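Construct the complete structure from the given sequences, taking the supplied hints into account.
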Amino acid sequence: ELKVEQNPLFLSMQEGKNYTIYCNYSTTSDRLYWYRQDPGKSLESLFVLLSNGAVKQEGRLMASLDTKARLSTLHITAAVHDLSATYFCASPPVGNTGKLIFGQGTTLQVKP
Amino acid sequence: DTAVSQTPKYLVTQMGNDKSIKCEQNLGHDTMYWYKQDSKKFLKIMFSYNNKELIINETVPNRFSPKSPDKAHLNLHINSLELGDSAVYFCASTPGTGGSGANVLTFGAGSRLTVL
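Residue numbers (this note's numbering), protein chains in the order written: chain H, 464 to 575; chain X, 5 to 120.
What the hints contain is simulated information worked out from the structure, not anything from laboratory work. Among the hints, erroneous ones may be present.
To be verified - Listed next, the in silico DSS-like pairs over lysine-lysine satisfying Cα-Cα at most 25 Å (straight line):
| # | chain 1 | residue 1 | chain 2 | residue 2 |
| --- | --- | --- | --- | --- |
| 1 | X | K45 | H | K504 |
| 2 | H | K466 | X | K40 |
| 3 | H | K531 | H | K466 |
| 4 | X | K48 | H | K504 |
| 5 | X | K23 | H | K504 |
On a predicted model such as this, the values are computed, not experimentally measured, just so you know.
The following block contains the structure:
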């Protein structure tokens, strides 16, 4: 059974700093999704990584996927307060892309 | 226009009552889902319908019954509500069920259910 684990689960950082959130998954999967959730809000898609070595970047966020290591990372560069949110990674069992198995979420708090 | 809309947004009710949550999507997607997010923010899939056919039915008490009258609508009815049912229920949709392409989930705003 596919399991997805994120670390850290909580991250408090200063503006301007860099940090990485890690997402490990337990069995073979061919894609990895990152979502953002603001408090009391819905989930918004950030990145979809569809192959080994895939890298996607938007603004201060960059996501990558290593399917051999079963690891995805979400790197934050020069954090700003607006990035404060909970970030989820999720992966589907092979061939069932709608049934996403979510990680526990990483709550990021960026302090001025 | 909201792509995936759910009603109601908030629902407060007593234990033992029956309640429904409705979901509609105007994206033309074939597949719709219900996910549950608990108080620790953990998200878990409950059901999925593809063009009105049930395709995913996770280990969920049979007090929960989804219904899809057409591919744009997916409702969730809950009988005999229990305290542990308190959560945020998210409806979502995708263009299809798998294959190539991103098949990204589009989520609704969520329906927060509180059982007293």
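Here is how each hint holds up against the structure:
no.: 1; hint: X/K45 x H/K504; result: holds (12 Å)
no.: 2; hint: H/K466 x X/K40; result: holds (17 Å)
no.: 3; hint: H/K531 x H/K466; result: holds (16 Å)
no.: 4; hint: X/K48 x H/K504; result: holds (17 Å)
no.: 5; hint: X/K23 x H/K504; result: holds (22 Å)
In summary, the structure agrees with every hint in the numbered list given earlier.
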